[in-house]
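K.L.:
Taking the hints into account, I'd like the entire structure generated from these sequences.
What follows is the residue order along each chain.
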Amino acid sequence: MMTVNWFRAPAPVARRVRAYFAPVNRVTQTPARFDPAAQGDFALDSPPTPWVDLGWIQSFTRKSTSKTAPLLTGIPAAPLDQVRETLEAHVSFEFFSWTKLTMALATGSQHMNLLTGGAVEAQQGSTASLVQLGTGDENNFAAGSMIAVDADYSGQTGFVGAPISGAYVRQPIADQDYIRRVTFNVGLVASVNSTSLTLATPLPGGAPASNAKIQAIAGFVDREGGSFYQEWSGLFVVEGTQSERIFFHYPRLQSAVGAEEVSSPLDTKHSTGLARTLLKSKFMALPVTDPMDGERVLCYRSFLPAPNALI
Amino acid sequence: MQNAKDSFYMALRTRLASINPERTVLLRGTVRPAILLEEAEAPFSQLPSDVFVLRWLGLGFDAESGLTLDAMECEILYQTCGTQSFGGLDRGRALSAMDKELVALLEPCNTPKLNYTVQPPTALLSQVFWDEPAFSPTTVQRDRLGRSVKIMVYSYQEQGE
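Residue numbers (the working numbering), protein chains in the order written: chain A, 1 to 311; chain B, 1 to 161.
If you're looking for bench data, these hints aren't it; they were derived computationally from the structure.
Backbone N, C-alpha and C define an ideal beta-carbon position, used for all residues, glycine too.
Some hints could be false.
[To be verified] One side only, chain B facing chain A, incomplete, derived with CB under 10 Å:
hint : residue
1    : Leu67
2    : Leu69
3    : Glu73
4    : Cys109
5    : Asn110
6    : Leu124
7    : Gln127
8    : Val128
9    : Phe129
10   : Trp130
11   : Ala134
12   : Tyr156
13   : Gln157
14   : Glu158
15   : Gly160
[Unchecked claim] With the Cβ distance kept under 10 Å, some of the chain B side facing chain A (calculated, not the full set):
hint : residue
16   : Phe61
17   : Ser65
18   : Gly66
19   : Leu125
20   : Ser126
21   : Asp131
22   : Glu132
23   : Gln159
[Stated by the list, open to error] Derived DEER-like restraints, expressed as beta-carbon distance ranges:
hint : chain 1 : residue 1 : chain 2 : residue 2 : range
24   : B       : Leu59     : A       : Gly219    : 47 to 55 Å
25   : A       : Glu295    : B       : Pro21     : 55 to 63 Å
26   : A       : Arg276    : B       : Leu59     : 31 to 39 Å
P.N.:
Here you go:
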């Protein structure tokens, strides 16, 4: 008897969606690439560079609002063909956690760090996980402190923050700490000794630049209004029970609404009791030119079928 | 369906041996991970303590997709009197430890489907998977604390099954 080594592919069954984001180089307008053929089997806890794992999300919804119209000809008019009039798509979901990055993504404008105290220089030999200090600087920090690491603001205009742009400066401002105020290069201090800070997780921007300074932060703040829009590349992964994977890759996503939260009761039978406050986010997808054929596109949906499933 | 039931049980048994090698039971002269399939053992007058006991309950089928999906409800029962060294006063802690172990046993929520009627077992093509567990309230029977957890286990019927 012939051995059957395949089965009919069922609709993917999944419980959750995982979100990953990567910075868009705002100066060169270069989004993050994702190649599902070469990178699609990554472990969900350790995405390929430069993607940052933002964990599970809920209420993931994506919607195409692109419009097509018939091209009419003849009497009476009948469709000869159709044309794409507009290209537009939106993505919305809720984050389970509040972090620098999730809060920034879920706000419509720039996201800032609440600076405390003065800045001290990051010394030579610093890495993304170990920041070297000058003599006596260890007194400014303690285990559990949060820090921002970036350069002094020196009057420049345009996108600021390295390597992730945190704001766009239209005209020079009088705030030497401004770049550290908007930088995404933040971390939690795990331990302190007389020469260095060890961080709980590596700085998102990698090793501090030679002109970087360290400044303690107390938390974060964002504003309703302003002219800056966050722009990131987004990757959403649905992993099915048969190990199949669906990827939604949006090379350019911009925040489309202001800061908004949603309340999710811990006990659905007790809606007035304790509730999670979830960050609600909505994005508009912006187009990129696909280098393969020059077409303008908003997103890619890729599918890696389950092993042994018919295709 | 039987392959899915066997695979689910064996996955949990293998995971228990890894998560807590100390949780064992002496059964028919053999020391083994303390997780039993009720229908594959002699009837119990009382469920054994500090052991996970699997019981299969409801059954359903969904053939709408052209590939039949089996849905099997599994109840996992466990109880404890605590330890002798603490005179049983640690029975709440012992039950919490079993709760925690069970949550760990159920992650990830899928496992390869194997045919255990042959030796060595042969891998089939699909995966058995299950939904989130529903924990019942703690039951108290004299000095014994127990709990029951229900899980829906799913599997696609493959050709030849």
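K.L.:
Please go over all the hints and tell whether each is borne out by the structure.
P.N.:
Here is what the structure says about each hint:
1. Leu67: This hint holds: Leu67/B lies near chain A, its Cβ roughly 4 Å from the closest one there, short of 10 Å.
2. Leu69: 7 Å, holds
3. Glu73: Hint violated; Glu73/B Cβ to chain A Cβ min 17 Å, cut 10 Å.
4. Cys109: 7 Å, holds
5. Asn110: Check passed: Cβ of Asn110/B comes within 5 Å of chain A, closer than 10 Å.
6. Leu124: 9 Å, holds
7. Gln127: Since the shortest Cβ distance to chain A is 5 Å, the answer is holds.
8. Val128: 9 Å, holds
9. Phe129: 4 Å, holds
10. Trp130: Since chain A brings a Cβ to about 9 Å from Trp130/B, closer than 10 Å, the hint holds.
11. Ala134: Given a least distance of 13 Å, the restraint on Ala134/B is violated.
12. Tyr156: The hint holds - Tyr156/B has a Cβ within 10 Å of chain A, the shortest such distance being about 6 Å.
13. Gln157: With Cβ-Cβ at 9 Å, under 10 Å, it holds.
14. Glu158: Result: holds, 5 Å to nearest chain A Cβ.
15. Gly160: 7 Å, holds
16. Phe61: This interface hint is violated because 13 Å lies over the 10 Å limit.
17. Ser65: 5 Å, holds
18. Gly66: With Cβ-Cβ at 6 Å, under 10 Å, it holds.
19. Leu125: 4 Å, holds
20. Ser126: At 6 Å from the nearest chain A Cβ, Ser126/B passes the 10 Å test, so the hint holds.
21. Asp131: 8 Å, holds
22. Glu132: 8 Å, holds
23. Gln159: 5 Å, holds
24. Leu59/B - Gly219/A: 47 to 55 Å: With Cβ atoms ~53 Å apart, the hint holds.
25. Glu295/A - Pro21/B: 55 to 63 Å: 57 Å, holds
26. Arg276/A - Leu59/B: 31 to 39 Å: 36 Å, holds
Hints 3, 11, 16 from the list above are not met by this structure, while the remaining hints are.
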